[in-house]
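Undergrad: Sequence:
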Amino acid sequence: MIIYLHGFDSTSPGNHEKVLQLQFIDQDVELLSYSTLHPRHDMQHLLKQVDKLIQRAQDERPLICGVGLGGFWAERIGFLCDIRQVIFNPNLFPQENMAGKMVESTDVV
Numbered sequence: 001m002i003i004y005l006h007g008f009d010s011t012s013p014g015n016h017e018k019v020l021q022l023q024f025i026d027q028d029v030e031l032l033s034y035s036t037l038h039p040r041h042d043m044q045h046l047l048k049q050v051d052k053l054i055q056r057a058q059d060e061r062p063l064i065c066g067v068g069l070g071g072f073w074a075e076r077i078g079f080l081c082d083i084r085q086v087i088f089n090p091n092l093f094p095q096e097n098m099a100g101k102m103v104e105s106t107d108v109v
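According to our numbering, the sequence shown is numbered sequentially starting from 1.
Careful: at least some of the hints might be erroneous.
Unchecked claim - In silico SDA-like pairs for lysine to any residue, Cα to Cα no more than 25 Å straight-line: (1) K48 <-> V86; (2) K52 <-> E96; (3) K48 <-> I87; (4) K52 <-> R84; (5) K52 <-> Q85; (6) K52 <-> N97; (7) K48 <-> L63; (8) K48 <-> L32.
Since the hints were made in silico from the structure, they are not lab data.
On a predicted model such as this, the values are computed, not experimentally measured, just so you know.
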């Protein structure tokens, strides 16, 4: 199973459709969406959703993949859930380089 976490700009016109197409690539690809604006709630939401996916999956070695801001979450969620991580162009310091784009600061997670 591959769990995919989108980046910050995934809901903009054009990008949204591309992200949605990922769920049709293979039955093993799971697309998890999150708000991108509320880091504390996003962390709780993603932890719960990833745990549900892992529990129901038959894959003994799931993988979490994130792009941009999704890479930030994939690194943390992967560590906390003890699953492999692949991150592309990660935004590992959104609290520094995304100031003003999120409602809350990500340094609380």
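Undergrad: With the threshold set at 25 Å, check whether the alpha-carbon distance from K52 to R84 stays at or below it.
TA: holds (16 Å)
Undergrad: Between the alpha carbons of K52 and E96, is the straight-line distance 25 Å or under?
TA: It is violated: about 31 Å lies between the C-alpha atoms, which goes past 25 Å.
Undergrad: K48 and L32 were given as a pair; does the straight-line alpha-carbon distance stay at or below 25 Å?
TA: With Cα atoms ~11 Å apart, K48 and L32 stay inside 25 Å; holds.
Undergrad: Starting from K48, check that the Cα of L63 is at most 25 Å away, please.
TA: With Cα atoms ~16 Å apart, K48 and L63 stay inside 25 Å; holds.
Undergrad: Between K48 and I87, is the straight-line Cα distance small enough, at 25 Å or below?
TA: holds (20 Å)
Undergrad: Tell me if the straight-line CA distance from K52 to N97 falls inside 25 Å.
TA: violated (31 Å)
Undergrad: Please work out if K52 and Q85 have their alpha carbons no farther apart than 25 Å.
TA: Given that 25 Å is the threshold and the Cα spacing comes to 17 Å, the pair holds.
Undergrad: Just to be careful, I want the Cα atoms of K48 and V86 compared with a cutoff of 25 Å; is the pair within it?
TA: holds (20 Å)
In this structure, the earlier hints numbered 2, 6 are contradicted, and the remaining ones agree with it.
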